[in-house]
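Q: With chain A fixed as given, assemble chain B onto it according to the hints.
As they're listed, the protein sequences go chains A and B. Residue numbering for the first sequence follows the UniProt record's numbering, beginning at 1 and increasing consecutively. Residue numbering for the second sequence follows the UniProt record's numbering, beginning at 1 and increasing consecutively.
These are calculated hints, taken from the structure and not from any lab test. Hints should not be assumed to be uniformly reliable.
As the list claims (entries may be wrong) - Not the full set, but computed from the structure, chain B residues with beta-carbon under 10 Å of chain A:
#: 1; residue: E3
#: 2; residue: Y6
#: 3; residue: G120
#: 4; residue: Y121
#: 5; residue: D124
#: 6; residue: S126
#: 7; residue: E142
#: 8; residue: D191
#: 9; residue: S234
#: 10; residue: F237
#: 11; residue: I239
#: 12; residue: D255
#: 13; residue: T309
#: 14; residue: R312
#: 15; residue: I316
Stated by the list, open to error - Footprint (simulated), chain B over chain A, 3 or more residues, beta carbon under 8 Å:
#: 16; stretch: 491 to 501
#: 17; stretch: 575 to 587
#: 18; stretch: 637 to 644
#: 19; stretch: 671 to 681
Quick reminder that beta carbons are idealized off the backbone N, C-alpha and C, glycines included.
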Amino acid sequence: MTTTLPTTTAFGTSRTRVEGREKVTGAARYTGDIPLTGLAHGSLVLSTIARGRIRAIDDAAVRAMPGVLAALHHLNAPRVDGDYASLMGMAPDPTVRAFQDDRVPHWGWPVALVVAETPEQARAGADALVVEYAAEAHDTAFSAERADAYGVDGVVPATLAKGDEDAGLAASAVVVDASYTTPEEHHNPMEPHAATAYWQDGRLEVLDSNQGASWVAEDLAKAFGLAPGLVRVRSEHVGGGFGSKGVRVHQIAAVMAATELRRPVRVAMTRRQMFSLAGYRSPTAQRVRLGADPDGRLRVLSHGSVSQTSSVYEFVEPAAAAGRVLYDADAHRTSARVVRLDVPTPTSMRAPGMAPGSFALESALDELAERCGTDPVALRLRNEPAAGPLSGLPFAGRNLLACFEEGARRFGWADRDPRPRVRREGRWLLGTGTAAATFHAFAVPSTAAVTAWADGTFTVRIAAADIGTGSRTALQIVAADALRVAPEQVDVRIGDSAFGPAWLAGGSAGTSSWAWAITPAAEELRERLALGADIPADGLTVRSDSTAALAGQEPAERHSYGAQFAEVAVDPGTGEVRVRRMLGMFAAGRIVNPLTARNQLVGGMVWGVSMALHEEAVRDRASGALVGADLAGYHVASHADVAHIEADWVDDPMPGDPIGIKGVGEIGVVGAAAAIANAVWHATGVRHRQLPIRPDRVIAGESPDA
Amino acid sequence: MKEFSYRRATDVEGAVALLDADPGARFLGGGTNLVDLMKAGVESPERLVDIRELPLDGIEVTGDGGLRIGATVTNSDLAAHPEVRRRYAALSQAVLAGASGQLRNMATVGGNLLQRTRCGYFTDISSPCNKREPGSGCPAVEGEHRNAAILGASGHCVAVHPSDMGVALAAFDAVVSYRTQEGEGELALADFYLPVGDTPHRETALPPGALITAVTLPPAPVRSRYRKVRERASYAFAIGSVAAALDVRDGVVQDVRLAYGAVASRPWRARAAEAALLGAPAAAASFAAAADAELAAAVPLADNAYKVTLLRNLTIAVLTELQQEGTAR
Numbered sequence: 001m002t003t004t005l006p007t008t009t010a011f012g013t014s015r016t017r018v019e020g021r022e023k024v025t026g027a028a029r030y031t032g033d034i035p036l037t038g039l040a041h042g043s044l045v046l047s048t049i050a051r052g053r054i055r056a057i058d059d060a061a062v063r064a065m066p067g068v069l070a071a072l073h074h075l076n077a078p079r080v081d082g083d084y085a086s087l088m089g090m091a092p093d094p095t096v097r098a099f100q101d102d103r104v105p106h107w108g109w110p111v112a113l114v115v116a117e118t119p120e121q122a123r124a125g126a127d128a129l130v131v132e133y134a135a136e137a138h139d140t141a142f143s144a145e146r147a148d149a150y151g152v153d154g155v156v157p158a159t160l161a162k163g164d165e166d167a168g169l170a171a172s173a174v175v176v177d178a179s180y181t182t183p184e185e186h187h188n189p190m191e192p193h194a195a196t197a198y199w200q201d202g203r204l205e206v207l208d209s210n211q212g213a214s215w216v217a218e219d220l221a222k223a224f225g226l227a228p229g230l231v232r233v234r235s236e237h238v239g240g241g242f243g244s245k246g247v248r249v250h251q252i253a254a255v256m257a258a259t260e261l262r263r264p265v266r267v268a269m270t271r272r273q274m275f276s277l278a279g280y281r282s283p284t285a286q287r288v289r290l291g292a293d294p295d296g297r298l299r300v301l302s303h304g305s306v307s308q309t310s311s312v313y314e315f316v317e318p319a320a321a322a323g324r325v326l327y328d329a330d331a332h333r334t335s336a337r338v339v340r341l342d343v344p345t346p347t348s349m350r351a352p353g354m355a356p357g358s359f360a361l362e363s364a365l366d367e368l369a370e371r372c373g374t375d376p377v378a379l380r381l382r383n384e385p386a387a388g389p390l391s392g393l394p395f396a397g398r399n400l401l402a403c404f405e406e407g408a409r410r411f412g413w414a415d416r417d418p419r420p421r422v423r424r425e426g427r428w429l430l431g432t433g434t435a436a437a438t439f440h441a442f443a444v445p446s447t448a449a450v451t452a453w454a455d456g457t458f459t460v461r462i463a464a465a466d467i468g469t470g471s472r473t474a475l476q477i478v479a480a481d482a483l484r485v486a487p488e489q490v491d492v493r494i495g496d497s498a499f500g501p502a503w504l505a506g507g508s509a510g511t512s513s514w515a516w517a518i519t520p521a522a523e524e525l526r527e528r529l530a531l532g533a534d535i536p537a538d539g540l541t542v543r544s545d546s547t548a549a550l551a552g553q554e555p556a557e558r559h560s561y562g563a564q565f566a567e568v569a570v571d572p573g574t575g576e577v578r579v580r581r582m583l584g585m586f587a588a589g590r591i592v593n594p595l596t597a598r599n600q601l602v603g604g605m606v607w608g609v610s611m612a613l614h615e616e617a618v619r620d621r622a623s624g625a626l627v628g629a630d631l632a633g634y635h636v637a638s639h640a641d642v643a644h645i646e647a648d649w650v651d652d653p654m655p656g657d658p659i660g661i662k663g664v665g666e667i668g669v670v671g672a673a674a675a676i677a678n679a680v681w682h683a684t685g686v687r688h689r690q691l692p693i694r695p696d697r698v699i700a701g702e703s704p705d706a
Numbered sequence: 001m002k003e004f005s006y007r008r009a010t011d012v013e014g015a016v017a018l019l020d021a022d023p024g025a026r027f028l029g030g031g032t033n034l035v036d037l038m039k040a041g042v043e044s045p046e047r048l049v050d051i052r053e054l055p056l057d058g059i060e061v062t063g064d065g066g067l068r069i070g071a072t073v074t075n076s077d078l079a080a081h082p083e084v085r086r087r088y089a090a091l092s093q094a095v096l097a098g099a100s101g102q103l104r105n106m107a108t109v110g111g112n113l114l115q116r117t118r119c120g121y122f123t124d125i126s127s128p129c130n131k132r133e134p135g136s137g138c139p140a141v142e143g144e145h146r147n148a149a150i151l152g153a154s155g156h157c158v159a160v161h162p163s164d165m166g167v168a169l170a171a172f173d174a175v176v177s178y179r180t181q182e183g184e185g186e187l188a189l190a191d192f193y194l195p196v197g198d199t200p201h202r203e204t205a206l207p208p209g210a211l212i213t214a215v216t217l218p219p220a221p222v223r224s225r226y227r228k229v230r231e232r233a234s235y236a237f238a239i240g241s242v243a244a245a246l247d248v249r250d251g252v253v254q255d256v257r258l259a260y261g262a263v264a265s266r267p268w269r270a271r272a273a274e275a276a277l278l279g280a281p282a283a284a285a286s287f288a289a290a291a292d293a294e295l296a297a298a299v300p301l302a303d304n305a306y307k308v309t310l311l312r313n314l315t316i317a318v319l320t321e322l323q324q325e326g327t328a329r
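One chain only, chain A, in its complex shape (with noise of 0.2 Å):
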């Protein structure tokens, strides 16, 4: 065989995008693109009430129209077993029960789904179908005063605690005591859900856009009692999933219809269904308590955090999460209550937790940094922890204060006024505000397999998923170093159950949990090849699991972080704010492809933007149903918003990862919306508590008697 030794490693070098050719030119196919011969399509028909019971579905109107082949609901479709174990061994997203009884736990429940032989025929019969309902009473009012709030475990336990918070407050020399809430929040993918199944061979075969093959297949399996070998799902490209892409009611519907019909069934969801179907981040109203010292050294750090959940879910936005890892003091509380409302169930949504949380507990910080007279960057120097502030574990590569040393460096910060309400510029009134960053780093179990070739190609396996983060180019520096020869050399292929267990493209542990397992097969195969295996015909391949290696890990505190920089303009007589400047500075471990890390790193910030100035979706008390849910009426930042962002890194290895990686997904949005705020507040001297930080609030702000 001939390998190729590079000169040097591809690790760390800036690489397009492998499969940027085929999507710039429209050759690569999304799940809705793929032809199938003999396909059908189904239409999902969402309820109109909030809470209730449906009477009556009359499909037989429905049935009778041009091309419609079935009419799936509660009175006829498939059972399905929606109590299985998903993830984690966390419930799965209840629509996984959808047409299985006659309950309406929210506005957009799927109640029914119409195919027809072709997408405008079952839109027209799904248009059609009259579902009566009996109405119920509903509740849609969420606040922090809900008195029926509770606490529950999510994936991080609700209250940890230690020290007493009163006694804390009592000694301290300054106090900070505020109120903040971000409202219902949404992530619509570019591409929008979509499942085609068929069974072939008494196979199960689903096409689907999603965060991680394995796990919708294995969720399919069980939700419909089949081994899981027969099922199989594959996702090759998938544009955009940021939380939302998991196992719901598109597959489930998809799989139905195409046992029902025995042909293939396309179930695509619309934009507007996307609201009520793809998961959102909650609202969530919180109280941070600061007590410390006359130099800003924290006594007390109190946060806590009320967010919904569904009548049929629990799921709890971790929002007071971030000050376990960030500060520590003598007293400290993070807690987190949920209240379970008529509305859909809120998911994971980029940055789950430490999105909205940071941008309480470091505004807070901010207000406490100008009650001291002390540098918000300062502040944060003063309150670095040595080890985890509950945990008591070592940090595993804590680089913060390298990011705000670098950062303030870079973004001019030591000739800040700190001021507010003094720096005018036309009509325009500026400041600048600081944020810290942080987001867990951890890898998750997960299988592959690489395979050499006898041409001295390499193919890699792994059901990882790349939904338009360049994951699949990162893979491959990171087999091609493992195997050391060029990327070029090393076709990776993934998006497909069939290459085994992989974690998912989630939590920003994507890349590092597939790197564990693909480094140790790729070396094991360079290692016997260097011994001089023999190559036969169907390729020599090695394969692993990295179950044992993640075992053997020591506990402790693994993170990134990052120091956001923010530069506004505001017009104190329009309310209108402007981001002028932003710097991002991120200790994320050491990055496999600047040229897609910035990506995704400047594409947290400019969500940040978002959080911080737009986005907000509005729930109509009277019918529980969202108003004008389309891209249309829920702003996110456009081109015009986003000025220039800068987002670059500290050196920061992952002491313990075979590569010494941690990940980017999400801390890019963490503390951006914090840095916004505080920078308007410098700029107008007027705190906003309340996100979006929309022009109405503005003006209120500048008379606030009125």
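A: Structure of chain B alone, referenced to chain A:
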């Protein structure tokens, strides 16, 4: 989506004949609003008559020094036209403040005047809406109404007209020409939109089956400006806007045109403000008094009182800018 028939007209008479005043038929211009509404099920016409090939895409200077703008002139062409930019700057600025480049390349002048409100209850067919379904109710009054009207609304509908272009046209005393099977007609923009009252579904005074053929602008003060405030920097509808033209001699207002956007069911000509300004000193105090005179009639709802402050501030800011621009020359 309902199936519909599609015909393309090549002349004005033919277009009007094809439509035949059929309430189930619609003229299709750029389609930037109508097609969206058809997808959402808000509009479900049985027939579309495509008017994009009609010879109505010209802009001419009129005998009295005004402008006549064809109904199918695209937003992009209108905004870029040298005469528009030179003599009706606020109109060019207003058009460029709307939508996106791609949409402006498609959207037409006639269609812009006839676009429908973006009220979230109107665009969601599962919601009640008196404008869409007369008598079904207006959930916005008690519900989400942060961008609702503060002037000229009624308990039946508080929706605002979404057009930026229309605000400038209102300031410039535009006249709308139309054609029906009976012949030609004209409506001053001031009379073009109907009061809301208890008939919010009846939006314009155009006779059934009428095709807008042109918009004519009389001569106007040369200094004009449009300022739009929205919840993001681009690609969003206004939450408040001002079109203004100002002529000042010896520090005294000789002529002024003022119109507000996103405050009413139509582009809102601020005549009370204009009356207060004529003959007054061109100074911030007069501008504030003028805004107050206009906004005295405002009836805000629970969550949109900020618009009163916003429009007051915008009026002062825009008139001050025009005043300073004039002084600088």
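Q: Kindly indicate which numbered hints from before are broken by the structure, ordering the numbers from low to high.
A: Violated hints: 2, 8, 12, 16 and 19; rest satisfied.
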